[in-house]
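Undergrad: Make a model of the complete structure from these sequences and hints.
Chain order of the listed sequences is V and B. Positions in the first sequence are counted from 1; adding 39 to them yields the numbering used here. Mapping the second sequence onto the numbering used here, position 126 (from 1) lands on 120, and the numbers just tick up by one.
Keep in mind that the hints were calculated from the coordinates and are not lab data. Ideal placement from N, C-alpha and C gives every residue a C-beta, glycine not left out. Possibly wrong hints are sitting among the right ones.
[As the list claims (entries may be wrong)] Mimicking DSS-like on lysine-lysine, the simulated pairs with C-alpha atoms at most 30 Å apart in a straight line are:
hint, chain 1, residue 1, chain 2, residue 2
1, B, LYS101, V, LYS100
2, B, LYS50, V, LYS78
3, V, LYS96, V, LYS130
4, V, LYS147, B, LYS46
5, B, LYS74, V, LYS165
[Stated by the list, open to error] Computed Cβ-Cβ distance ranges for the label pairs, DEER-style:
hint, chain 1, residue 1, chain 2, residue 2, range
6, V, GLU120, B, ASN75, 39 to 47 Å
7, B, ASP67, V, ASN104, 46 to 54 Å
8, V, GLU90, B, GLU89, 29 to 37 Å
What follows is the residue order along each chain.
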Amino acid sequence: MLLEKKKKHGYEINSSSMADIAFLLLIFFLVTTTMDMDKGIPMVLPERGGELKINPKNIAKILVNASGEVLFDGKGVSDLELKELLATRIKERGVDADGKPKLLVSIKTDRETEYDRYITILDLVKDAGATKISIAEPEKD
Amino acid sequence: MFQKKPKQPPGISTASLPDIIFMLLFFFMVTTVIKKTQGIPLVTPAAYQTKKIESKRHLAYIWADEKGTITVDDMLVSPKNLGQISKLIRTRLDEDNRLIVSLKIDKRAKMGLVTDIQEQLRDAYAVRVNYSTRFKGGGG
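TA: Put into structure tokens, the structure is as follows:
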């Protein structure tokens, strides 16, 4: 016959450049990925209106003044002393049923205290093993 | 008699290369969280008790420097109108109730400013915060 049917060729998309395309995308995501983890000190702020009655024996008060000096239960202390005093107080008061220390640490600052100082104190308190930390509102002047 | 066969270098098959690359690609696509906020230049304080935030997807950022410039997710908040903070955070909290607010505050900032921001957050019922800090002592 004249009109012979042509043999059907399986046409295929050339996939040799697939790897290149994938590489390109890969490099894009590699470059845009930010691996710098956000780090910080987690805290839970007190909710409004919820006032709890706590045995005053279980409260440790820390006051920080504008120049960064610390008053712990009415006595002026250095950072190192503060940490040691807190650690002994936490041990003294023992733990709750859930295994967390009973002692509640209240940190009160002045409005003029530097944030850096506050973080240092908070860090110390956490380092001493306290889990219940309350942030008292500074008095408005 | 014993004819030498022409030596052919045994090539590594590259047929599965695209698959490998795709797998890597998907890994990066899934783990990538594209940064949304620009922030303002500041130096965060350093602390030993620094912990990683588990999930970057449930974060709102508040930046504040020592001059009192405050931004909430890159939106500038005027110091006279701090009520805006609680409004902005409230809308974020409505979208995502697992929201954690990351406080990126300059170490030279005063506690008065920090307290004002915290009061706004309490108004918005956003009580889970994270004081952004660098890790003190070697390494990071």
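Undergrad: For every hint, state whether the structure bears it out.
TA: Consistency of the hints with the structure:
{"no.": "1", "hint": "B/LYS101 / V/LYS100", "in the structure": "holds, 23 Å"}
{"no.": "2", "hint": "B/LYS50 / V/LYS78", "in the structure": "holds, 10 Å"}
{"no.": "3", "hint": "V/LYS96 / V/LYS130", "in the structure": "holds, 13 Å"}
{"no.": "4", "hint": "V/LYS147 / B/LYS46", "in the structure": "holds, 26 Å"}
{"no.": "5", "hint": "B/LYS74 / V/LYS165", "in the structure": "violated, 34 Å"}
{"no.": "6", "hint": "V/GLU120 / B/ASN75: 39 to 47 Å", "in the structure": "holds, 43 Å"}
{"no.": "7", "hint": "B/ASP67 / V/ASN104: 46 to 54 Å", "in the structure": "violated, 34 Å"}
{"no.": "8", "hint": "V/GLU90 / B/GLU89: 29 to 37 Å", "in the structure": "holds, 30 Å"}
Hint check: violations occur at hints 5 and 7; the rest are consistent with the structure.
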